[in-house]
Amino acid sequence: MRRVAVVVFPGSNCDQDTADAARAAGSDAYLVWHRESDLRQADAVILPGGFSYGDYLRSGAIARFSPIMPAVAEHARAGGPVLGICNGFQILCEAGLLPGGLMRNARLKFQSRPVRVRVEAADTPFTGLYRPGEELEIPVANGDGRYVADTQTAAELEARAQVVWRYVGDNPNGSTNEIAGICNTGRNVVGIMPHPERRNAPALGGTDGARIFLSLEAGHATQLAGAVRAGGGHHAGV
Amino acid sequence: MAAFRIEVRVMPRAGLLDPQGLAVEHALHALGFRETSGVRMGKHLVLQVDAASPDDAQARAKAMCDRLLANPVTEDYQIAVETV
Chain A
17 MRRVAVVVFP
27 GSNCDQDTAD
37 AARAAGSDAY
47 LVWHRESDLR
57 QADAVILPGG
67 FSYGDYLRSG
77 AIARFSPIMP
87 AVAEHARAGG
97 PVLGICNGFQ
107 ILCEAGLLPG
117 GLMRNARLKF
127 QSRPVRVRVE
137 AADTPFTGLY
147 RPGEELEIPV
157 ANGDGRYVAD
167 TQTAAELEAR
177 AQVVWRYVGD
187 NPNGSTNEIA
197 GICNTGRNVV
207 GIMPHPERRN
217 APALGGTDGA
227 RIFLSLEAGH
237 ATQLAGAVRA
247 GGGHHAGV
Chain B
236 MAAFRIEVRV
246 MPRAGLLDPQ
256 GLAVEHALHA
266 LGFRETSGVR
276 MGKHLVLQVD
286 AASPDDAQAR
296 AKAMCDRLLA
306 NPVTEDYQIA
316 VETV
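Protein chains in written order, with the working numbering: chain A, 17 to 254; chain B, 236 to 319.
If you are wondering where the hints come from, they were derived from the structure by calculation, not from laboratory data. Check the hints yourself; a few may be wrong.
To be verified - Partner residues are not named here, just some residues of chain B that face chain A (Cβ under 8 Å, in silico):
1. Met246
2. Ala249
3. Leu251
4. Pro254
5. Gln255
6. Val259
7. Thr271
8. Leu303
9. Asn306
For each residue, glycine too, the CB sits at the ideal point set by N, CA and C.
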C-alpha cells in the first residue's frame, strides 16, 4: 500500500474524488493542505484538479509558490512519482517541473465532456497497467487546456517519448501535437489534462481512468518483488 | 528610496494563437469595424514600487515578471517605470 499525498490548494475541487480514486486502487491516500511544508512520508504526490487561487493571473501561477511546493519539487527531484491532473498539470508546468504551458482553449469555451485519448507511454508510474496504443475515454473539464510548447521543446518531447497521452479524433482545446498529457525526462513527473478520477468506476460511466491509480500500486508491488528477488528472498524493506 | 509607478504589459507571445483576441476581432467585424485585424488581448498590471532609482525599480519589476507576472513559455512583457 502506497502513501499518496493529495495536495489541496484554495480552489482545488477534485481533491476528494482523487483521494477516493487512489483509495479505491488500494493506496493509503490523504489530503495535505498547501500551507503545510511536509508531505508526511508520501510515496507519491498528486496535485488535483480545480481552480487554485481562482486561476488568477494564470492557471497555476500562484499555487506554484505555495509552501508545500518545495517539498513537491524535492520529492520529484528524488525520483518520487508526482501526478498533476488538470489544474495540477498547469501547476507542474508553472513550477517548471514539466516543460511547456497551458493556455486558453482554442475554441474559448470551457470544455466539459468525455474525450478519447491514446496511451502513448506505458513506462511511467501511472501508466504501467495500460498497453501502449490503447484508447481510453476520460472526461476533460478545462478552460485553459491548450498545451503549448515551443517547436524545439515539442520536438524533444516527441523524440524522448515524453508524450504520455494524446487526444484521438477530436482535440478539445487545440493542444500542440494533440498532447493530453506528458512526463518529464525522468518519467516520474506526469501531467494529464483529462480527469481519470472521474472514470474509475462503472457508476461513473466507465473505468478507463482507474488504472492510472492502480498502476501506482502495481508498480510498488513489482518494486517489492524485485527487491525480494535481489535480496535473495529476503525482504529489503523498500 | 523613492516611489515609482510601474506598468507591466503582458501579451500572449507573438505567433501563439490568441483565441480571446480573435473573438474580439470577430465581434468588431460583426459590428461593422471591418478595417480591424490582428487583435491581441493581454494583461495590464499597475504596481507601486519603492526603489533607490528608476533602474533599480526596472530591475525589480523585471524579476517580478520573470518569476510570476509573465509565463516565459507563453507570454512576453514590457515594463514602463514612472516616478510618482
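Quiz item: For the hint on Ala249 (chain B), does the least C-beta distance to chain A fall short of 8 Å?
Solution: This hint is violated: Ala249 (chain B) lies away from chain A, its Cβ roughly 12 Å from the closest one there, beyond 8 Å.
Quiz item: If you take the shortest Cβ to Cβ gap from Pro254 (chain B) to chain A, is it below 8 Å?
Solution: It holds, given that the least Cβ distance between Pro254 (chain B) and chain A is near 5 Å, below 8 Å.
Quiz item: Does the interface hint hold: is Leu303 (chain B) within less than 8 Å of chain A, judged Cβ to Cβ?
Solution: holds (7 Å)
Self-check item: Restraint outcome when Val259 (chain B) is required to lie within 8 Å of chain A by C-beta distance
Solution: violated (11 Å)
Quiz item: Does Thr271 (chain B) pass the interface hint, meaning its C-beta sits closer than 8 Å to a C-beta of chain A?
Solution: violated (18 Å)
Practice problem: Would you settle whether the hint for Gln255 (chain B) is holds or violated, based on the nearest Cβ-Cβ distance to chain A being less than 8 Å? | Solution: holds (6 Å)
Self-check item: Residue hint Asn306 (chain B), partner chain A, criterion CB-CB below 8 Å
Solution: holds (5 Å)
Self-check item: Per-residue hint verdict: Leu251 (chain B), partner chain A, C-beta under 8 Å
Solution: Nearest chain A Cβ about 6 Å off; hint holds.
Practice problem: For the hint on Met246 (chain B), just tell me whether its beta-carbon gets within less than 8 Å of chain A. | Solution: violated (12 Å)
Comparing the model with each numbered hint stated earlier shows that hints 1, 2, 6, 7 do not hold.
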